[in-house]
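Use these hints to put chain S onto chain Z, whose structure you have.
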Amino acid sequence: MRERLQALKEEALAKVDQADTLNELQDIKVAYLGKKGPITEVLRGMGKLSKEERPVIGELANKVRETIAGELDAKKEKLEARELEEKLEKETIDVTLPGRPVTLGGPHLLTSIVEEIEDLFIGMGFEVREGPEVETDYYNFEALNLPKGHPARDMQDSFYITEELLMRTHTSPVQARTMGKYQGSKPVKMICPGKVYRRDTDDATHSHQFTQVEGLYVDRNVRMSDLKGVLNRFAKQMFGEEREIRLRPSFFPFTEPSVEMDISCKVCHGEGCSVCKGTGWIEILGGGMVHPRVLEMAGYDSKEYTGFAFGMGPERIAMLKYGVDDIRHFYTNDIRFLKQYHKA
Amino acid sequence: MFVSLNWLKNYVDIDNISSEQLAEKITKSGIEVEGIEYVAEASSNVVVGYVQSCEKHPNADKLNLCQVDTGDEELQIICGAPNVAQGQKVAVAKPGAVLPGNVKIKKAKLRGVESQGMICSLQELGIEEKFVPKEFAEGIFVFPEDAEVGADARELLNLDDAILELGLTPNRADAMSMLGVAYETSAILDTPVKLPDESVNLSSEQAADYVSVTVEDAELNPYYGAFVIKDVKVKNSPLWMRNYLIAAGIRPINNVVDITNYVLLEYGQPLHAFDYDRFGSKEIVVRRAHDKETITTLDDQERELYSNHLVITNGQEPTAIAGVMGGADSEVSEQTKTVLLEAAYFSPAAVRQSSKDHGLRSESSTRFEKGVDPERVKRAGLRACQLLSEYADGIILQGPVEFDELNCTEATVEVSTEKVNERLGTEITSDEISDILRKLHFGFKANDGIFIVTVPTRRGDITLFEDMVEEIARIYGYDNLPYTLPAGAGQAGGLTSRQSLKREIKHYMEGAGLMEAITYSLTSKERAETLVSPEIREHATQSIRLSMPMSEEHSNLRLSILPELLASFSYNTARKQANLAYYEIGTVFVSPVAEKLTEQPRELLRVAGAVTGDWLLHPMQQEKKQADFFLVKGIVEGLLDKLGITATFKQAKLEGMHPGRTAQVYLGEQSIGFLGQLHPSLQQSYDLKDTYVFDLDMEALLGQTNNEPDFSKIPRYPSVSRDIALVVDQEIPAGDIKATIVEKAGALLKDVQVFDVYQGEHLQAGKKSIAFSLFYQDPERTLKDEEVEASYQAILSAVEKNHQAELRG
Numbered sequence: 001m002r003e004r005l006q007a008l009k010e011e012a013l014a015k016v017d018q019a020d021t022l023n024e025l026q027d028i029k030v031a032y033l034g035k036k037g038p039i040t041e042v043l044r045g046m047g048k049l050s051k052e053e054r055p056v057i058g059e060l061a062n063k064v065r066e067t068i069a070g071e072l073d074a075k076k077e078k079l080e081a082r083e084l085e086e087k088l089e090k091e092t093i094d095v096t097l098p099g100r101p102v103t104l105g106g107p108h109l110l111t112s113i114v115e116e117i118e119d120l121f122i123g124m125g126f127e128v129r130e131g132p133e134v135e136t137d138y139y140n141f142e143a144l145n146l147p148k149g150h151p152a153r154d155m156q157d158s159f160y161i162t163e164e165l166l167m168r169t170h171t172s173p174v175q176a177r178t179m180g181k182y183q184g185s186k187p188v189k190m191i192c193p194g195k196v197y198r199r200d201t202d203d204a205t206h207s208h209q210f211t212q213v214e215g216l217y218v219d220r221n222v223r224m225s226d227l228k229g230v231l232n233r234f235a236k237q238m239f240g241e242e243r244e245i246r247l248r249p250s251f252f253p254f255t256e257p258s259v260e261m262d263i264s265c266k267v268c269h270g271e272g273c274s275v276c277k278g279t280g281w282i283e284i285l286g287g288g289m290v291h292p293r294v295l296e297m298a299g300y301d302s303k304e305y306t307g308f309a310f311g312m313g314p315e316r317i318a319m320l321k322y323g324v325d326d327i328r329h330f331y332t333n334d335i336r337f338l339k340q341y342h343k344a
Numbered sequence: 001m002f003v004s005l006n007w008l009k010n011y012v013d014i015d016n017i018s019s020e021q022l023a024e025k026i027t028k029s030g031i032e033v034e035g036i037e038y039v040a041e042a043s044s045n046v047v048v049g050y051v052q053s054c055e056k057h058p059n060a061d062k063l064n065l066c067q068v069d070t071g072d073e074e075l076q077i078i079c080g081a082p083n084v085a086q087g088q089k090v091a092v093a094k095p096g097a098v099l100p101g102n103v104k105i106k107k108a109k110l111r112g113v114e115s116q117g118m119i120c121s122l123q124e125l126g127i128e129e130k131f132v133p134k135e136f137a138e139g140i141f142v143f144p145e146d147a148e149v150g151a152d153a154r155e156l157l158n159l160d161d162a163i164l165e166l167g168l169t170p171n172r173a174d175a176m177s178m179l180g181v182a183y184e185t186s187a188i189l190d191t192p193v194k195l196p197d198e199s200v201n202l203s204s205e206q207a208a209d210y211v212s213v214t215v216e217d218a219e220l221n222p223y224y225g226a227f228v229i230k231d232v233k234v235k236n237s238p239l240w241m242r243n244y245l246i247a248a249g250i251r252p253i254n255n256v257v258d259i260t261n262y263v264l265l266e267y268g269q270p271l272h273a274f275d276y277d278r279f280g281s282k283e284i285v286v287r288r289a290h291d292k293e294t295i296t297t298l299d300d301q302e303r304e305l306y307s308n309h310l311v312i313t314n315g316q317e318p319t320a321i322a323g324v325m326g327g328a329d330s331e332v333s334e335q336t337k338t339v340l341l342e343a344a345y346f347s348p349a350a351v352r353q354s355s356k357d358h359g360l361r362s363e364s365s366t367r368f369e370k371g372v373d374p375e376r377v378k379r380a381g382l383r384a385c386q387l388l389s390e391y392a393d394g395i396i397l398q399g400p401v402e403f404d405e406l407n408c409t410e411a412t413v414e415v416s417t418e419k420v421n422e423r424l425g426t427e428i429t430s431d432e433i434s435d436i437l438r439k440l441h442f443g444f445k446a447n448d449g450i451f452i453v454t455v456p457t458r459r460g461d462i463t464l465f466e467d468m469v470e471e472i473a474r475i476y477g478y479d480n481l482p483y484t485l486p487a488g489a490g491q492a493g494g495l496t497s498r499q500s501l502k503r504e505i506k507h508y509m510e511g512a513g514l515m516e517a518i519t520y521s522l523t524s525k526e527r528a529e530t531l532v533s534p535e536i537r538e539h540a541t542q543s544i545r546l547s548m549p550m551s552e553e554h555s556n557l558r559l560s561i562l563p564e565l566l567a568s569f570s571y572n573t574a575r576k577q578a579n580l581a582y583y584e585i586g587t588v589f590v591s592p593v594a595e596k597l598t599e600q601p602r603e604l605l606r607v608a609g610a611v612t613g614d615w616l617l618h619p620m621q622q623e624k625k626q627a628d629f630f631l632v633k634g635i636v637e638g639l640l641d642k643l644g645i646t647a648t649f650k651q652a653k654l655e656g657m658h659p660g661r662t663a664q665v666y667l668g669e670q671s672i673g674f675l676g677q678l679h680p681s682l683q684q685s686y687d688l689k690d691t692y693v694f695d696l697d698m699e700a701l702l703g704q705t706n707n708e709p710d711f712s713k714i715p716r717y718p719s720v721s722r723d724i725a726l727v728v729d730q731e732i733p734a735g736d737i738k739a740t741i742v743e744k745a746g747a748l749l750k751d752v753q754v755f756d757v758y759q760g761e762h763l764q765a766g767k768k769s770i771a772f773s774l775f776y777q778d779p780e781r782t783l784k785d786e787e788v789e790a791s792y793q794a795i796l797s798a799v800e801k802n803h804q805a806e807l808r809g
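For the record, the sequence lines run as chains Z and S. Numbering-wise, the first sequence is residues 1 to 344 according to UniProt numbering. Numbering-wise, the second sequence is residues 1 to 809 according to UniProt numbering.
Only chain Z is shown next, with the shape it has when bound in the complex:
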């Protein structure tokens, strides 16, 4: 019996070794380890054995059984792994083919610029305020020290609706409204972005509708050096640490002293080149110390309060920062233009 078991083991293991498919393995399993298989048969015949021999043979039979089962499992695993490998091989795709596109939109370049400006000033403690695009003559002009007949009104020919209502020509009325609301009761620190309108014929550098972001800080002891410091910080964050700013005296009816701010040319860093028309500097925004009459009209005591204000055009900033060559691009909404900036 011992020899018979040994022979069965050799025979089964040889078959397992030769088996090449999972089916063959299954057949071997049934043939050798099944209820009608030879090992079961051997075990059945154990009754004929002596008391001493029985456990020995029994143990041997079980060992043979386990060995065969173990080999079968090992071989099965091997064959399964091979089969999976073959299956995966067949599933191979050309990974260089294009993926299924995700339809993704994006912000308009002007929105990106405005939000960038908003976030920079929010970081310096400013709030964002909005106001109506159709303004009263009072808030658009008079409250800003531009009484009727003032020559500086020539500077911004406007779209009037009635004698008293017009499309706002700047976002400064939002400042006048905010100050007017507080009537001198507390400081104001705000920026106001929005659409503005002027009677300009649309061309590469003019648009009858454009965007402005204006800022205002009114408090006790606000100094002109604060304006310089805040604008410097803004310019460096917006355009790069290496850029310098330069303030020049200028004139606006609502500020005194008034400034025009230039930043050093990105291309020549102040040396003078064609981009900056040889000056080394590029004009970027206007501002100044809030005119005492503007403060007084909004209910602020100009002896107690001082402030600074500034205003800039996101279109111009976008044109400088990204080299956009025609202001009309911002409003024609050519998909080929919009797409260029939707990664921002």
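Derived by calculation from the structure, the hints in this document are not laboratory data. Fair warning: there could be bad hints in the mix.
Pairs of lysine to any residue residues, derived as SDA-like cross-links and limited to a Cα-Cα distance of at most 25 Å, are as follows [said to hold, decoys possible]:
| hint | chain 1 | residue 1 | chain 2 | residue 2 |
| --- | --- | --- | --- | --- |
| 1 | Z | 186 | S | 620 |
| 2 | S | 356 | Z | 137 |
| 3 | Z | 339 | S | 767 |
| 4 | Z | 236 | S | 485 |
| 5 | Z | 277 | S | 661 |
| 6 | S | 633 | S | 661 |
| 7 | S | 596 | S | 661 |
| 8 | Z | 181 | S | 499 |
| 9 | S | 9 | S | 485 |
| 10 | S | 650 | S | 767 |
Relative to chain Z, chain S alone:
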């Protein structure tokens, strides 16, 4: 303002600074130099030559053969100019000369005769046609007799003069004169100002015997000075004066006119010269015009006047529109013997009115409009007399005859070192302030850091402490201000929740595949009133119109964002960009009346979008999905879901929209917008293929949002789902059935979704089958079958009752 640097040198020393450096300094201290130009492009080797003889060219009728002495050599030059003549002093480009435009002059043979150079016209020397005096316009330029033979013509003609183009802000009217610029330069460079000579020798005669002056409205004309100059010889003005006028952009005419223009530029004070003998009377009366009175002005235009125009009259008829233009009848001509010279102060408002009404803007009117220096009015008259006596042989009568109620008081402004530093954030010393005031030529009394400054009348813009602060700061140098950050009590800064939410909505739209567009708020009347959402239409039947639009394309304020958005689609599809998905957030302008508004319109924020063409495109996998109704509805639903808003959609028929594919969106009973497919005929007018749009009321969205949801537990027990397929009449909206299900299902129903709609075979005609998936869940325990069954049965009987629905067999 064009500033000739050679001219400026007469008043202030700028020899040690380059024109570029000077321009930079002027710009940095407050007057922007917009450009540096030169009178003419560079030329070389052009000298004064004397025409010794001038004969006809033997072989050509129109050419002359000239022998010209150029000092060091005699040249034979062929000249085609009609005005060349023996005895003239002319500009000769010698062989080897280079003229503007890089024209090289060489010896050449013209019709068989050698020509050794060229006799030049001013144009050939680079002077613009419009500045060339008329007598030289058609030929060569002729120097005055005293020009030195062999001298550099370029220098004599001031061709190398650099011209600064000043961009003046409205407050700096003082710099509209050479003297003003001289004071500015003096302050910047700290050099003295040399004032022109105003001294004149007077005749024994009295101007008052020749003319009287009456002013009817002293407010409009507080000063009028009439000078009388006799025995004037009208001729060319001196070359230097002509050069300066050309440099400043004014064409020389004759000595009398040139002198008034010269003084205008020098003093910033407009003057007017009448021909005394043609004036028409011996009295000057300044008054408001009578309505419909007429005058023929110097440009030979007859102009109708009204009582808001100020005129100079001879007691009868207008002889000039004050400050704007003189009359043709009393114009100075070659024959003029006696000049009546006006130096006056006209009020800015009066001149602005006339200049605007008659469309006449001149060097004079622009200066009067900005306000001339009261202290310089009479002095300018004297200066002109001095020049007339010297260059027109005029005899100056004693005078002038004046009307004078002009206020020449200098303003005083008090500043203190402490306050200046407080405002600027600087540490300027009192000594530095004194020094700045001295450089500015401002008078002042200083006492312990307090300055009482007397502002010269030429700087009428300075009346307040703040104005003085600017003066001090700009001379001190804006570059020298420190950089500081506000010391005031901090404020956190930040967006309001409304502003943040607006940004979130933008991000959602972009994530959903829409590109942000920005279109014009001003559009045509037709577009402004197209695709207007019902809740807007309810409050505005018409769009607001501008009182004076620039074009009909941008005449009205939009009531809807969509039309311009669709126009941008047209723009793109015309450029073969057919797959488009845009959104825009912006205001529409709602007013109950379209014209004669008495108050501001309501500005309502909307979010609108449009989609056309292929939405999903992956040709490799044969995937191609066109935009459709459900795409825009899905975008809108997603937005509402994100904002936590429950809205309902109802079938609607709206103008411009597909009658069967349009949904109106409601929040409760309130309409908040619409979505759907464009009506084919509207679509066609924009030249678009199938296009789907939505337009929603942002105010409603922002107002309703609960953007801080409470935490709800993640369920620990499984949900149970059941499907229910119902057969109903075709016209019953799925939304209605869903509403019934939600109402009757009980609290355990968490969600219900349509997953199939079927019409056709196996169903009766006019019927459709709609299948819903129902999801039940109790967060606290496992559901029992009986509970779900009970709900299911309740739903079934409710839909049977409400919608005559049958369970699909």
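Hints versus structure:
no.: 1; hint: Z:186 <-> S:620; result: violated (64 Å)
no.: 2; hint: S:356 <-> Z:137; result: holds (21 Å)
no.: 3; hint: Z:339 <-> S:767; result: violated (47 Å)
no.: 4; hint: Z:236 <-> S:485; result: holds (14 Å)
no.: 5; hint: Z:277 <-> S:661; result: violated (57 Å)
no.: 6; hint: S:633 <-> S:661; result: holds (11 Å)
no.: 7; hint: S:596 <-> S:661; result: violated (38 Å)
no.: 8; hint: Z:181 <-> S:499; result: holds (20 Å)
no.: 9; hint: S:9 <-> S:485; result: violated (43 Å)
no.: 10; hint: S:650 <-> S:767; result: holds (20 Å)
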